[in-house]
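Using the sequences and the hints, build the whole thing.
Note that the protein sequences, when read in sequence, are chains W, A and Y. Just so we're aligned: the first sequence equals residues 1 to 103 in the working numbering. Just so we're aligned: the second sequence equals residues 1 to 375 in the working numbering. Just so we're aligned: the third sequence equals residues 1 to 445 in the working numbering.
Calculated directly from the structure, the hints in this document are not laboratory data. Mixed in with the good hints there might be a few duds.
[Unchecked claim] Simulated crosslink set (EDC-like; lysine to aspartate or glutamate; CA at most 16 Å straight-line):
| # | chain 1 | residue 1 | chain 2 | residue 2 |
| --- | --- | --- | --- | --- |
| 1 | A | K325 | A | D190 |
| 2 | A | K279 | Y | D85 |
| 3 | A | K279 | Y | E90 |
| 4 | A | K105 | A | E133 |
[What the hints assert, rightly or not] Stretch-level coverage of chain Y by chain W, calculated; a stretch enters the list once three of its residues show a Cβ under 8 Å from a Cβ in chain W:
| # | segment |
| --- | --- |
| 5 | 44-51 |
| 6 | 123-130 |
| 7 | 139-150 |
| 8 | 367-378 |
| 9 | 398-405 |
None of the values given here were measured: they were computed from a predicted structure. Ideal Cβ placement from N, Cα and C applies to all residues, glycine included.
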Amino acid sequence: MYATRPEARPATVEVSVDGVAVMVPVGASAAAAVLLAGAAAIRETAVSGAPRLPYCMMGVCFDCLAEVDGAPNVQACMVTVAAGMRIARQAGARDALLGEAPR
Amino acid sequence: MSAPEPFQAIVVGGGLVGSAIAWGLAREGLRCVLLDEGDIAFRASRGNFGLVWAQSKGQGAPHYQRWTRYSANAWPELARELADAVGADVGLHQPGGVHLCLSDKEMADRSDRMAQMAREAGNSLPFHYRMIEATELREMLPALGPTVVGASFTPYDGHVDPLRLLHALHRAFTGAGGVYVPNAKVERSDAAPRDFRVMAAGRVFEAPRVVLAAGLGNAALAPEFGLSAPVRPQQGQVLVTERVAPIFTMPTTSVRQTMQGSLLLGDSVAEVGYDISQKPAVMAEIAKRAVLSFPFIARLNMVRAWSALRIMPKDGVAIYDQSEKYPGAFTANCHSGVTLAGAHARLLAPMIAAGQLDGMLDPFSARRFDVRDAA
Amino acid sequence: MSFDLAVIGAGPAGMAAAVEARGLGLSVLVVDEQAAPGGQVFRAVEAAHGDTALGAEYSAGLGLVESFRRCGATYRPGTTLWHLDPDSGELSLTPGGPAQARRVLLATGAQERPVPIPGWTLPGAMGMGAAQIMLKTAGAVPSGRVVLAGQGPLLWLLAAQLKRAGAPPALILETTPKGRLGAAFRAGGWFSGRRLLLKGLGLLREAWGIPVVRAVTGLRAEGEGRVQRVLWDGGSADCDTLLLHEGVVPATHVPLALGLQHAWDQAQQCWRPVVDEYGASSHDRVAVAGDGAGIGGWQAALAMGQLAALDAAHRLGRLTLDGLAQRAAPVRRMRDGALAARPFLDALYAPSAAVLAPVADEVVVCRCEEVTAGQVRAAARLGAQGPNQAKAFLRSGMGACQGRMCGATVARLIAETRGVAPETVSPLRPRAPYKPLTLGQLAGL
Numbered sequence: 001m002y003a004t005r006p007e008a009r010p011a012t013v014e015v016s017v018d019g020v021a022v023m024v025p026v027g028a029s030a031a032a033a034v035l036l037a038g039a040a041a042i043r044e045t046a047v048s049g050a051p052r053l054p055y056c057m058m059g060v061c062f063d064c065l066a067e068v069d070g071a072p073n074v075q076a077c078m079v080t081v082a083a084g085m086r087i088a089r090q091a092g093a094r095d096a097l098l099g100e101a102p103r
Numbered sequence: 001m002s003a004p005e006p007f008q009a010i011v012v013g014g015g016l017v018g019s020a021i022a023w024g025l026a027r028e029g030l031r032c033v034l035l036d037e038g039d040i041a042f043r044a045s046r047g048n049f050g051l052v053w054a055q056s057k058g059q060g061a062p063h064y065q066r067w068t069r070y071s072a073n074a075w076p077e078l079a080r081e082l083a084d085a086v087g088a089d090v091g092l093h094q095p096g097g098v099h100l101c102l103s104d105k106e107m108a109d110r111s112d113r114m115a116q117m118a119r120e121a122g123n124s125l126p127f128h129y130r131m132i133e134a135t136e137l138r139e140m141l142p143a144l145g146p147t148v149v150g151a152s153f154t155p156y157d158g159h160v161d162p163l164r165l166l167h168a169l170h171r172a173f174t175g176a177g178g179v180y181v182p183n184a185k186v187e188r189s190d191a192a193p194r195d196f197r198v199m200a201a202g203r204v205f206e207a208p209r210v211v212l213a214a215g216l217g218n219a220a221l222a223p224e225f226g227l228s229a230p231v232r233p234q235q236g237q238v239l240v241t242e243r244v245a246p247i248f249t250m251p252t253t254s255v256r257q258t259m260q261g262s263l264l265l266g267d268s269v270a271e272v273g274y275d276i277s278q279k280p281a282v283m284a285e286i287a288k289r290a291v292l293s294f295p296f297i298a299r300l301n302m303v304r305a306w307s308a309l310r311i312m313p314k315d316g317v318a319i320y321d322q323s324e325k326y327p328g329a330f331t332a333n334c335h336s337g338v339t340l341a342g343a344h345a346r347l348l349a350p351m352i353a354a355g356q357l358d359g360m361l362d363p364f365s366a367r368r369f370d371v372r373d374a375a
Numbered sequence: 001m002s003f004d005l006a007v008i009g010a011g012p013a014g015m016a017a018a019v020e021a022r023g024l025g026l027s028v029l030v031v032d033e034q035a036a037p038g039g040q041v042f043r044a045v046e047a048a049h050g051d052t053a054l055g056a057e058y059s060a061g062l063g064l065v066e067s068f069r070r071c072g073a074t075y076r077p078g079t080t081l082w083h084l085d086p087d088s089g090e091l092s093l094t095p096g097g098p099a100q101a102r103r104v105l106l107a108t109g110a111q112e113r114p115v116p117i118p119g120w121t122l123p124g125a126m127g128m129g130a131a132q133i134m135l136k137t138a139g140a141v142p143s144g145r146v147v148l149a150g151q152g153p154l155l156w157l158l159a160a161q162l163k164r165a166g167a168p169p170a171l172i173l174e175t176t177p178k179g180r181l182g183a184a185f186r187a188g189g190w191f192s193g194r195r196l197l198l199k200g201l202g203l204l205r206e207a208w209g210i211p212v213v214r215a216v217t218g219l220r221a222e223g224e225g226r227v228q229r230v231l232w233d234g235g236s237a238d239c240d241t242l243l244l245h246e247g248v249v250p251a252t253h254v255p256l257a258l259g260l261q262h263a264w265d266q267a268q269q270c271w272r273p274v275v276d277e278y279g280a281s282s283h284d285r286v287a288v289a290g291d292g293a294g295i296g297g298w299q300a301a302l303a304m305g306q307l308a309a310l311d312a313a314h315r316l317g318r319l320t321l322d323g324l325a326q327r328a329a330p331v332r333r334m335r336d337g338a339l340a341a342r343p344f345l346d347a348l349y350a351p352s353a354a355v356l357a358p359v360a361d362e363v364v365v366c367r368c369e370e371v372t373a374g375q376v377r378a379a380a381r382l383g384a385q386g387p388n389q390a391k392a393f394l395r396s397g398m399g400a401c402q403g404r405m406c407g408a409t410v411a412r413l414i415a416e417t418r419g420v421a422p423e424t425v426s427p428l429r430p431r432a433p434y435k436p437l438t439l440g441q442l443a444g445l
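In structure tokens:
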């Protein structure tokens, strides 16, 4: 759980985290938005389904892999927020055929 | 130098070929030592694609086709044995496999090749295959690209997790009383008929049998034992995607989904000597073919890639040999350590344990090169 | 695009190198993964320099960033190097096309040393560096009961910054064993490095009032689906956010992938690329500067970046040997001054054996593939001589992070199990892609 300090950095960009709107400062990362939203997890691992939140915030640990604007497995700490950005939990292995013609 | 340690067999090389043979020998009740290199080595066993593959092997060499088929047939037993011995699931899955053709020419060439394989197979172990047109293929493989014209299919093919296989063989071997010695590059050896002495890792090993399965290292090692192993390195590169939910029910020669969910994309061929550097241009070619085959792959992340060296005999066909000068010395050389693991553990190892290769392996002798070179 | 010098990383070393090289007339490309220059130490300084919680030293980075912005280097932010062919000088970059460089400077900095304690994969456990990045990039602070556990200069800096930001941590668990201060004084450097150490004392004073438990051992995190408690030998506390830190180590991913020669750093218990006075590595096209060549802090990094740029200019015929010596002399003095306190700090904050190789078998060491310390030990007993064979056996280091988080721990566990010195176990050998890219991007090359 993290909180902004409006006196230092006003939260002016609205993004959604798992469908919930959250206001974050300009320049924050998608991973920061997830922490500010108080989400319980940013992903569930593809190995055991364990919940994870960002660990390093600097592009090293890959624990912040999330779905950003529909693209799965994005390193959320390396993406700067933009107004209207949709960030969603990555649950296990991605469905690679999402959007393909039904078979 | 320390006191000689007596064994019933010395296997040189702890990759897939060496450890499959070593496990086979241990299973036959032989007290066996397995000499391996260390953490960093040219390890084809850590770089292969993981196919158990019969449909592309042995064109123009019926004995090789047959040996490959024997191995594919032996694989379920090997997997069961490893499960029983150490509880390992090596992920064997043999639903048959396809080779995708991306143009009419590729399709025609493939069809000719399959027809030749069927002719050469003869009647004792017939080679069944089908050429499958795109419409039917789309029912078998989802999300196939419009460029795909068709494929060849044989029911013998499949895949495993090659790294789990390597781990399982090592565990099974040591579990059966085998002695594994790492960092043990052969420093010196003395050969006499059924009386071998190998110096490695500051130790001396003695045995009436020695098996050379040191991959590319065999080329230098074999002459010490009155054998020859004309193998060269051939580079291959492989790409790996992130894990995805299950898609494919069968492997193809260039795309397969691992038991963990990653797609393996492969593989390239380059004659560059002992060079394992990765080349973006080659990686791009692999990616292009994969994307043409299955366009959705373009959206996937490549999380890993590697290049490794195949152990390629002069004519591409495996070499198995026994020394005439020093009976009891054997070599095994091939670039198909996964496919042939079944044969190595269950057919070749018992022959070596008995001290003599079966006549069916005669055509695999390196003497074939002498004949050809003399001609 | 072809350049005299390509710099990977826009932190203090990379920025200083670019400014220096441009001043000598070299064409310079700077590639950086972040959206803005600064590296981790001056992360987002252009946006956050007015935040007084971060302190004066941070704001001072603004000047360096401004001179970098003005220096005329081609700057590609938000760009990842995924392959480098050192022999040809071709850099494969994404997004965007490849680039060519006559000389390459790796200024990829440091990463926090992984702290594999039981429960460190639970949501709510993070690196202290991560919390500081939250402060720098979003002005944000952890809420609820925050516990800082570990040791090092960053612990006290972060404690002071959080306190200034109105969110002081509830508890500090310092892992430095008793008697270390004496050892640190004996290691030397405290006098010549006294200015830096005085700054540290200032931070300690600022953090006054936050409860501290000293010489903590047996650290572990527990909770249902997230961190709820932190426990140690002899105590426990409720906890919502657990911030861990045991120092930083060079980010050796790319240097190791390139096959550069590395040496074991006994004081910092990590591998680092072998470099000469100017940062030149074992490959004649590649240099390494900054924390990536060995932890020395941002002032040393800045000087090393300048030295590498001077060397590049000399190698490319833009600076005579005399000119090089002349310009390098004051920069070297600056670097040596910045490094003066290292022996003291390295001795004071040497990581304990349990941090380098977790004692409990059930601790997850590879976070990506969820491989435990016990599995690694079993692989070592089976005969795996190093992390590369362990990777084949267990998949440790095979996940998305490619061993950045587990490579050193796996190697250490193997060394311990085999009963050999850590420097005799080869490090994990990474391959390209250094970071993931899509197959579509690759196919489009």
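Against the structure, the hints come out as follows:
1. Note on A/K325 and A/D190: the hinted pairing holds, with a Cα-Cα distance of about 13 Å set against a maximum of 16 Å.
2. Proposed proximity of A/K279 and Y/D85 is supported: the alpha carbons are some 8 Å apart, at most 16 Å.
3. Pair hint A/K279 plus Y/E90 holds up; C-alpha atoms about 10 Å apart against a cutoff of 16 Å.
4. Pair hint A/K105 plus A/E133 holds up; C-alpha atoms about 14 Å apart against a cutoff of 16 Å.
5. Interface restraint, the segment 44-51 of chain Y with chain W: holds (5 residues with C-beta to C-beta distance below 8 Å; minimum three).
6. With 7 residues having a beta carbon nearer than 8 Å to a beta carbon of chain W, the segment 123-130 of chain Y meets the requirement of three or more and the stated coverage holds.
7. Look at the segment 139-150 of chain Y against chain W: 6 of its residues bring a Cβ nearer than 8 Å to a Cβ of that chain, three or more, so the hint holds.
8. With 4 residues bearing a CB less than 8 Å from a CB of chain W, the segment 367-378 of chain Y meets the requirement of three and the coverage assertion stands.
9. Counting residues of the segment 398-405 of chain Y whose C-beta lies closer than 8 Å to any C-beta of chain W gives 5; at least three are required, and the coverage claim holds.
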